[in-house]
Each structure stands twice: as C-alpha cells, then as structure tokens.
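2 protein chains.
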Amino acid sequence: MAYVNENYLKLPGSYLFADIGRKVNAFKKDNPEADIIRLGIGDVTIPLVPAVIEAIHKATDEMSKPETFRGYSPEQGYDFLIEKIITHDYNSLGIEFSNDEIFISDGAKSDTANMQEIFGADNIVAVTDPVYPVYVDSNAMAGRLGEYDSNEGKWTNLVYLPCTAENGFIPSLPEKKVDMIYLCYPNNPTGTTLTKDQLKKWVDYARDNKAVILFDGAYEAYITQPDIPHSIYEIDGAKEVAIEFRSFSKNAAFTGTRCAYTVVPKELKGYTKSGDVVDMNKLWNRRTSTKFNGVSYIVQKGAEAVYSEEGQKQISEVIAFYMENARIIREGLTSMGLKVFGGVNSPYVWLKTPEGYDSWQFFDKLLKEVYVVGTPGVGFGPSGERYFRLTAFGSRENTKEAIERIKSLKF
Amino acid sequence: MAYVNENYLKLPGSYLFADIGRKVNAFKKDNPEADIIRLGIGDVTIPLVPAVIEAIHKATDEMSKPETFRGYSPEQGYDFLIEKIITHDYNSLGIEFSNDEIFISDGAKSDTANMQEIFGADNIVAVTDPVYPVYVDSNAMAGRLGEYDSNEGKWTNLVYLPCTAENGFIPSLPEKKVDMIYLCYPNNPTGTTLTKDQLKKWVDYARDNKAVILFDGAYEAYITQPDIPHSIYEIDGAKEVAIEFRSFSKNAAFTGTRCAYTVVPKELKGYTKSGDVVDMNKLWNRRTSTKFNGVSYIVQKGAEAVYSEEGQKQISEVIAFYMENARIIREGLTSMGLKVFGGVNSPYVWLKTPEGYDSWQFFDKLLKEVYVVGTPGVGFGPSGERYFRLTAFGSRENTKEAIERIKSLKF
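Taken in order, these protein sequences are the chains called D and E. If you read the first sequence in this note's numbering, its first letter stands for residue 2, the second for the next number, and so on. If you read the second sequence in this note's numbering, its first letter stands for residue 2, the second for the next number, and so on.
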C-alpha cells in the first residue's frame, strides 16, 4: 500500500498568497469597477534590462547551430557565470571562493526549500518571526517541526525568534539550543537589516554550538547604508557555519526568468550522530548532481550579462527606481502618523497597523475602501500580527496613487 | 549541533557519469591525440529546431517591454503550454485531463527525483534492474532503501526486478509486496519496451495492492512500432495508480534548455497509516507551490512551439535522424556477431558484451583501443553486468565512424 508523507497533512490551510488571491478575486467579482492596485506579492514590474535581453537573444542563436548548441549544463552551473559571481559579488568584498563552492540554480525558493534535505531529521530549527514561509513549510514537510498548533499559529518543535518594533527587529539568541538557523537580511518581510556586529553574534553562536546558518541574501542589492553586510562571509569565521542564498529575481527582474545561486563553502561542517565531521559542500554537490540537471543555458547567459558594465549600470537604475518608490511609501505613511520600518535597505516597507486593526482587518480596509492590496503581516508568522507589508515593486504612478488613497483613510 | 542526513553517507561512490568522465579525462591526458567519439551519456547533438528558436526570441522580446513582461509564472506552469500538452499528447490517445493535473517543470530528472518526497518513508520501492540511477539514489537519500551492500551492488531494502536477455527484458511481478514501482518505457538503459498487455499486468498489480507506479515516458517520441503504449494512461484504470513523467529533452533537444512535465491524476490515491485515502494530486501541488517557482517564461514559450505544425514537423525529422543512427549501430554490431537489443523504439542500443568481458572491461577496451566512449551496463544496476549502452544521439559521421572502429576490434 502506497503510504503518503503524513507531514504534508499537518500543514495549515493554504499558502498565504493564495488566500490573498482568493479574497481579492471575490472582491473584484462583487466590485468589477474597482481599480485595484497591488503592492502585495514581491514580484517585479520593470522588464529585463537591455544587456540581459541581448545576451539571451545571442545565446538563443547559439542554440540554433550545431557548432554552438549546448546540451546538458554542468548540474552546478557554467563556470562563465560562477566566475563572474565570485569576482563581482565576493572578491569585491575581499572574500575568496573556488568555483565548486558556488551552485547555480533555478531560484532561491528552490534552494532555500531543498537545502534542509542534507540535514538530519531531528535538528532543531530556528526562524525569525515573521518569516518567509518557505523555510518553515519545507522543514514541516520533512517532519522536523512537530505538530502545528492552530491556536498559537505555531509549530511545536520550531524555535521562533520574534522580531518586532519592541526589539528593533533584532532577533535575540535562542534560549534553547538550536542547530539550523534561517536568517534573511535585508529581511523579507520586515525590510530591516542587521549590522555587522549584530550578525557577528549569530556567527559566533553558530560556531560555539556547531550550528549552521542558512542566510538568505536575496535582497542584498537594495542595501544603501554603510555597515550593513552584503554577505554573511564578511563576518570572520562564517565560512565554517553559513550557507548563503542569492538570487537574480529582485535585482535583475528574473522572477519569471529563473536564476539564483547558493554558496556552500568547503569549510562548512556538519556532524554525524557518532561525532564524525562531514563536509557539507560534498553533500549539496551530491544532491545537486543527483536531483537537478542545471539551469537553462540561455538563462545562465542572461544572468552573466547582469555583471557586464552595461548590465550593472542598467540594473542599478532599476534598483534606484524601486527605492524611490520605497521612499514615497515610507514618507507618505509616516506623514499620516503610521509607524513604518524598512524601505531604506530593502524594497519592503513594514508598517504597524493603526490601533484597533489587526493584520487582516487592515488588509480588508485597504482592499474594500481604497482598492489597495498589501500583505497581512500575520501571514508571515505570529509576531507579524498587527503589521502589514507593502512592496516598492509597483509602477511610480500606482505607488503614488496607492499612498494618496491610503492617506485618505480615517482610522 | 547540525547533524547531517546520514543516508547520504550510505551512497556508493560517485555518480556513474562522473566516473566515466574521470576515466575519459585521464585517458585524454595520456593520449592527447586520440580522437574520442562519445556515445555514452544520453545528450543530444542536433540544435533546437527553428520553431522553438523563433518562439524563444519572440518571448525574449516580450520580456523586454513593460506591457508584455512576465514576472513569476504559476508554479505549476502556464495554461498555454498545459493545454497544448493535454490536446496533443493525451486527447490524441483518447485520454482526458484537466489543466491542474499537469505540472510543468525544469526536467524529468528533478521530477523523478523529487516525487518520492510526497510518499511515506517506509514504503517498499521496486525498480527494474538495470535502471536510471536517479530513482534509486533519490530514495536512498530519503532513507527508504536500507543499507548498500557493495559486494552485491544492491540496497538491502530495494526490490530489484531483473531485466535481461533471459526474460526478454520483461520484468516479473515481485514476490514481495511493493508500494512504489518505477517503470521507464521505452526503457533507459536497455532501449526495450512493454506491450499494452505487459504494462497492463503492472497496472493491475498496482490496483490490487494499492501501489503507485512512477512511469517515466521520457523516450515516448521514439516509439515506432504499433501496440507499444505511448502513455501508461492508455491502460484502463491507470489514472488511479500511476504518475507519468515526460520531457522535452530527448524529443525536442531541451537537454540544455530545461523543460518537462509530470501528470498526477486527480484519481491517484495514497493512504495514511490509519487507512485514510489521500488525494496525491493535492500533495504534489503543495510540494510544487512551496518548493518551486515555475519554469522560465521564455522556456515555456519554446516548449509550446514544439506543438505547432512546424515544430512537430521539425522535431519528427530530428527523431528520424537519430533513429537512423540507432539502425546503423544496431545493424553494425549485429553484423559482427554481437547480441543487440533496443534501438527500435528507443535511441538506446543495449548490447551483450563479448565472452570474457565484463561491462567495465568492455568500456576500457573501446576507450583505449578505438577511442569510443559508451556506458558500462553494470553502472545501471547488477543485472546490467556484461551489458553496454550506446546512444544514437551522435552525429551521423561519428556514429558511422564509431561502429566501423568497433567492428575492427578482435574479441
């Protein structure tokens, strides 16, 4: 008899963005005239930059001729892209890697979800709260999180590290010892950051406890202030305890084109129950070569063009455009007396809902009264209750209009 | 302390094709002049067809303009591609599916490796032997296979279904009851097929035992003879017990472009330990939406073009070209007295090694004496010992030259 993975049956309801989609569709059906502005899901709106488009066309032409056609890519990605990543994203920070420490993938969602596979089933997992749901759900599916308590909105075996205005969104070290720690900075959903000193505390904790940090740096390109680390490997000793995830989605508009990469340093160590030390780069390499067949050649060539001189210039203009949206959102909401966080080193603005509104009540008010869609903070975890996320990825016109509409509301 | 998934540590050595690569590279280093012909790995050599190239260029241009730019794809794929698949690949056989039973992915390797995740950890797995290593390794990594016995070349908890010349490469139903059965037809590596009656026995077995068949149809396009099923769903009742994997790699040269799809019918049932029936389509949908972010838009548009009138005409010419290579290999080897299988409904030719040669000895002889690289049968499982695989994916010139060289050998 084919038994199913019963951990899947413990997952609560449906995916946050599916819930939002249903609510918006129901509203649209009843109000077909409503001119809805979506600042909810973190999808980009500015197209691929010319340097990327040109590179994809060129690679496509190569794929049309026998002498330049490419079959299977190396599962880990092409060296032409890996070398650009190392030079541009790491050597520029004084960090060295060899090519076989970088793994090109179809997305940071896949990598952050799949990485837990190379870890033991009974590690204790910690996440900041609120959090990107993929870290939690992928570990729940693997059976690491115990049971879901729907009253608390929490998994019984998951360690939540609350990040709220009260602690300045700086997670405290856990009281209970943990083995796998997911950190995302600049943070999704709060848009906040850690300084080098604050991040160093976590690297030191991981070193002291032989834990591993799964560091999601998908929003790195949005950092504008000094002293905010662009990579966890800027912290001494991080190579022994940290995996880093990066993506071309949010800096180079690859959400629909799909390319990302993950760094698994050779120094990174895991452990067997009998106390042997295991090289985790080898495990991830085995996972990659057994369960993945590489990213499309034409997509890897597109990603390579992100690192060209024109590519860099073009994407920096796109990022500046979104950050101007973030400023408009931040200042607009602040001017109406709301407490606003993020949006300085991040395309996400995180706001405290006004007195008397929880996350979903605020969502409903914005949708029903001014036709603006955002994301209820509680959807990212219990500490997101009474917060709300808006994204800077809309058009300028929509962003301005949405803020004017929100400003017209009475609370 | 971050424990590792110790199942990974049980995996024998490295991946078959990595071993071959190392041997070939060592030989090349010592013999830089040797003109090596590779008929080993199943990678294609004829480029993407014009209809696909044109569609990718067009989609790339769409990605350059705000009004036609696409961000995140539905995780399950775009309906424009799903509808073509249903009409062309299933309705043409009299089989109906709704759009949400088809899942577009980046490759059949990923899907065949990932699908086991939605199954329970203690299901008994059966594979034909020899077999595509991904089915075995992905289950070993999940801890379903027990221990690897390196003397036997077998996993202690895996049920092997031998397929050799002695049984005409037709697997017998297992003596021990099994829960998950991997079948690949036309078969990789043997190139052999099952008739509808032979496949029906497996569907009936699965229905009687509430098992699930994971049916890999990646080579379906190479079927030339009647009475060979193109889909497992041609067998009555298969929707309740079978998942089907298909790929654009081998019919449309997508090995380096990456697109495939998987069918998980809504009728397909799994079971909980307490006896509840579970809809497996929902589990795979949850896995897909949590751990994957869809296939690149430009790649999905390229795959859609495979189904256009020109696309169909163009890929059928490519397939005919490879099948002529298969004929050349088959007849050439037969004429020198070797026993040869496959190559009629498949791009793979499977030969019995001559008396006195095991798989690796034959590999070494071909590499060292005539510079031809094939794949040792034993690399696909213990019943592959004393067999050898050659692929029809080379150029005409290389294929002819390789066969002439092999014919010059004395055994």
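Where hints are given, some of them may not hold.
As the list makes no split between identical chains, a pair holds if one copy fits it or if it spans any two.
[What the hints assert, rightly or not] Here are the simulated lysine-lysine pairs, BS3-like style, with alpha carbons at most 30 Å apart:
#: 1; residue 1: 401; residue 2: 66
#: 2; residue 1: 177; residue 2: 201
#: 3; residue 1: 411; residue 2: 197
#: 4; residue 1: 59; residue 2: 85
#: 5; residue 1: 408; residue 2: 155
#: 6; residue 1: 411; residue 2: 59
#: 7; residue 1: 283; residue 2: 401
#: 8; residue 1: 59; residue 2: 314
#: 9; residue 1: 197; residue 2: 314
#: 10; residue 1: 66; residue 2: 201
#: 11; residue 1: 66; residue 2: 267
Hint data in this document are derived by calculation from the structure and do not stem from the laboratory.
Verification of the supplied hints:
1. In this assembly of identical chains, the alpha carbons of residue 401 and residue 66 lie at most 30 Å apart only when taken from different copies (22 Å versus 48 Å within one copy).
2. For the identical chains of this complex, residue 177 and residue 201 are intra-copy neighbours only, at 19 Å inside a copy versus 55 Å across copies, given an alpha-carbon limit of 30 Å.
3. In this assembly of identical chains, the alpha carbons of residue 411 and residue 197 never lie at most 30 Å apart, being 40 Å within a copy and 69 Å across copies at closest.
4. Proximity of residue 59 and residue 85 under a CA criterion of 30 Å is satisfied in both settings, with 18 Å inside one chain copy and 28 Å between copies.
5. Taking the shortest alpha-carbon separations for residue 408 and residue 155, neither the intra-copy value of 34 Å nor the inter-copy value of 68 Å comes in at or below 30 Å.
6. When the C-alpha separation of residue 411 and residue 59 is checked against a cutoff of 30 Å, the pair qualifies neither within a copy, at 54 Å, nor between copies, at 47 Å.
7. Taking the closest pair of Cα atoms, residue 283 and residue 401 never come within 30 Å of each other, the shortest separation being 49 Å inside a single copy and 40 Å across copies.
8. In this homomeric assembly, residue 59 and residue 314 come within 30 Å of each other (Cα to Cα) both inside a single copy, at 20 Å, and across copies, at 25 Å.
9. In the homo-oligomer, the alpha carbons of residue 197 and residue 314 lie at most 30 Å apart inside one protomer (27 Å), although the nearest pairing across protomers, at 59 Å, exceeds that limit.
10. Taking the shortest alpha-carbon separations for residue 66 and residue 201, neither the intra-copy value of 51 Å nor the inter-copy value of 42 Å comes in at or below 30 Å.
11. For a Cα distance limit of 30 Å, the shortest separation of residue 66 from residue 267 qualifies neither inside one copy, at 38 Å, nor across copies, at 41 Å.
Checked against the numbered hints above, the structure violates hints 3, 5, 6, 7, 10, 11; every other hint is satisfied.
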